[in-house]
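Chains as they are written, first to last, in my numbering: chain A, 12 to 384; chain B, 369 to 593.
I should point out that these hints are in silico values taken from the structure, not numbers from a laboratory.
Fair warning: there could be bad hints in the mix.
Here are the simulated distance ranges between beta carbons [said to hold, decoys possible]:
id, chain 1, residue 1, chain 2, residue 2, range
1, A, Q155, B, R514, 45 to 51 Å
2, B, W502, A, V233, 37 to 43 Å
3, B, L506, A, P55, 39 to 45 Å
Short, incomplete list of chain B residues facing chain A, as computed with Cβ under 8 Å [as the list claims (entries may be wrong)]:
id, residue
4, P490
5, E492
6, L497
7, V508
8, P511
9, P515
Glycine included, C-beta positions come from ideal geometry on N, C-alpha and C.
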Amino acid sequence: MPNRVPSELAGARFVARLSVSHADFTLQLALDLPARGVTALFGPSGSGKTTALRAIAGLHRPQQALVSIGNEVWQDDAKGILVPVHKRALGYVFQEASLFPHLDVRANMAYGMQRVEQSQRRVSWEQAVELLGVGPLLQRRADQLSGGERQRVAIARALLTSPSLLLMDEPLAALDAASKEAILPYLERVHDELAIPVLYVSHSIDEVARLADQIVLLDKGVVTASGPLRDVLTRLDLQAAFSDDMGTVLDAEVIELDDAYGLSRVAFAGGSLLVGGVGRPIGSRVRARVLARDVSLAVAPPGVSSILNVLEASVAEIRDDGVDKVNVRLRLGAAEREGEILIARITRRSRDLLALQQGQRVFVQVKSVALIT
Amino acid sequence: MTMPDVDTASVFLTLKLASVTVLLLLLVGTPIAWWLAHTRSRLKGVIGAAVALPIVLPPTVLGFYLLVLLGPHGGIGKLTQAAGLGVLPFTFAGLVVGSVLYSMPFVVQPLQNAFEAIGPRPLEVAASLRAGSWDRFLSVAVPLARPGFVTAAVLGFAHTVGEFGLVLMMGGNIPGKTRVLSVDIYNHVEALEYVQAHWLAGGMLLFSFLVLLILYSFNAKPRAF
Chain A
12 MPNRVPSELA GARFVARLSV SHADFTLQLA LDLPARGVTA LFGPSGSGKT TALRAIAGLH
72 RPQQALVSIG NEVWQDDAKG ILVPVHKRAL GYVFQEASLF PHLDVRANMA YGMQRVEQSQ
132 RRVSWEQAVE LLGVGPLLQR RADQLSGGER QRVAIARALL TSPSLLLMDE PLAALDAASK
192 EAILPYLERV HDELAIPVLY VSHSIDEVAR LADQIVLLDK GVVTASGPLR DVLTRLDLQA
252 AFSDDMGTVL DAEVIELDDA YGLSRVAFAG GSLLVGGVGR PIGSRVRARV LARDVSLAVA
312 PPGVSSILNV LEASVAEIRD DGVDKVNVRL RLGAAEREGE ILIARITRRS RDLLALQQGQ
372 RVFVQVKSVA LIT
Chain B
369 MTMPDVDTAS VFLTLKLASV TVLLLLLVGT PIAWWLAHTR SRLKGVIGAA VALPIVLPPT
429 VLGFYLLVLL GPHGGIGKLT QAAGLGVLPF TFAGLVVGSV LYSMPFVVQP LQNAFEAIGP
489 RPLEVAASLR AGSWDRFLSV AVPLARPGFV TAAVLGFAHT VGEFGLVLMM GGNIPGKTRV
549 LSVDIYNHVE ALEYVQAHWL AGGMLLFSFL VLLILYSFNA KPRAF
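Okay, chain A solo, but in the shape it has when bound (with noise of 0.2 Å):
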């Protein structure tokens, strides 16, 4: 993702080390991550997800908190330092859009922008109208809005603040898949166009998938996993997480059209695929999604079959989910050679028939690949 990141984030991070405790609860968070790019908060209901984006934001007072984004420090209790909230250089999207019912969408949009000083605006009106498409919406109500309207304003209204920080709570959680569907491109280009870090509470890992370049995966209120997307959707270890979902991220190229077929060749270190439509032009970078369990393993090349797309790999790791199914990891590409990784989701049995071992060479068939972005 070609993000501009201006000098003063470059290096910069963004670090939460926090607890906060209900009843019958306990949040403990310790985050400490490059302050750019989207970070998906990743968990099951329940798990913190949103608890922790409250703490972080001072919504919620957390205990023995250390909250800081670059050199700006919102809580430090070692030092007694806690800034209120309206003091945080924060943007905040919660679920359900909040739009103030009694102005119109103008000056919802204004609200926070007005109170922002003139010096410290980076995100211009005329840009958060753009991004967000939000233009002909300007003069209506916010009743008047349908819900993925009102969310995509809510979203301009936060950006204008020009937050050094964007907490976004499952943003698109209250919207039916359509509207989900035509709201994600727009998040998509905030997150290219903008250099504000996102933290995004998401229990949807398709839009984890999407969106995020870091993720974070929260469990009963404890952090199991962090680090780089890929890494960690290809961890064997992690993969309960992500139950039927679980799945692979390829950063990828268009590098040939097929009109005749309506087929793009999509490559990566260590193969290519071919996915249906050919919508991208040459050249364009692509992130391909492939399912675990659209993943087929041989152990001799395949015969003519359906499927397109075979690729040649070698095994990485075995790991048996306890149940009836092993999930394997995959080395794509030929020997030695650092390639791209992918999951297969196989059942015992096949494992046995193919007598699969570490460090195995075979022929991957993948049934689906789901561009992205």
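Add chain B to chain A, keeping to what the hints say.
Same frame as chain A, but now just chain B:
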């Protein structure tokens, strides 16, 4: 029927009393209502009950205690005398103090309900958009609670206009000074001046109906949330 010789002083005094009372109540009642709507203090129940007391208390009881407390030998009476304010019963200021207490629940409760109905979310949104606490109150809470403010003001005003027992106990029968409309009607009836009583009572009936009509049509407007 031509209008008989009705003393309009009591009408204007009543309107003045109600206006001053409502103004003071909005100033005093708004912070109390805000506190009641947001506090988690154990005192909430006590303060809430104390504010609601005039709803169930006979006005004569409240008037009696105020007369004693504010009178020359009462605790507050001694204070007001020491401060050079004299004693409050049998004065307009005394009626204002009594009315503020008596109409308090009719202002505080609609406001409290309105503030509670807003919920925490709009204020959190405002905080995340750089609005400090006063700013949040004025730019978000007050506009969203506007129907509550209208209800509070109208009910407070109407209730003050209609009070009788408390005024009588607090010495409200001095013409032009503390004789309000309701007392005036009582006097006319006592003196068998039914025509005058009809004019005043009828006027009050019409006024009260109009007030409620305005209130209901105002709050029946399509609400923005």
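We went through each hint and held it up to the structure:
Here the CB-CB span from A:Q155 to B:R514 is close to 20 Å, at odds with the stated 45 to 51 Å. Between B:W502 and A:V233 the Cβ separation comes to about 39 Å, which falls inside the hinted range of 37 to 43 Å. Checking the proposed 39 to 45 Å range against B:L506 and A:P55 shows it holds: the Cβ atoms sit about 41 Å from each other. A distance limit of 8 Å between C-beta atoms decides the matter here; for B:P490 the minimum to chain A is near 6 Å, and the interface restraint holds.
For the restraint placing B:E492 at the interface with chain A, the shortest Cβ-Cβ distance is roughly 5 Å, inside the 8 Å limit, so the hint holds. Satisfaction of the interface hint for B:L497 is found here, the shortest Cβ-Cβ separation to chain A being roughly 3 Å, below the 8 Å cut-off. The closest approach between the C-beta of B:V508 and any C-beta of chain A is roughly 6 Å, which is under the 8 Å cut-off, so the hint is satisfied. The beta carbon of B:P511 comes within 4 Å of a beta carbon in chain A, closer than 8 Å, and the hint placing it at the interface holds.
Against a cut-off of 8 Å between C-beta atoms, the interface hint on B:P515 is violated, since the closest Cβ of chain A lies about 11 Å away.
Going through the hint list in order, the structure does not satisfy hints 1 and 9.
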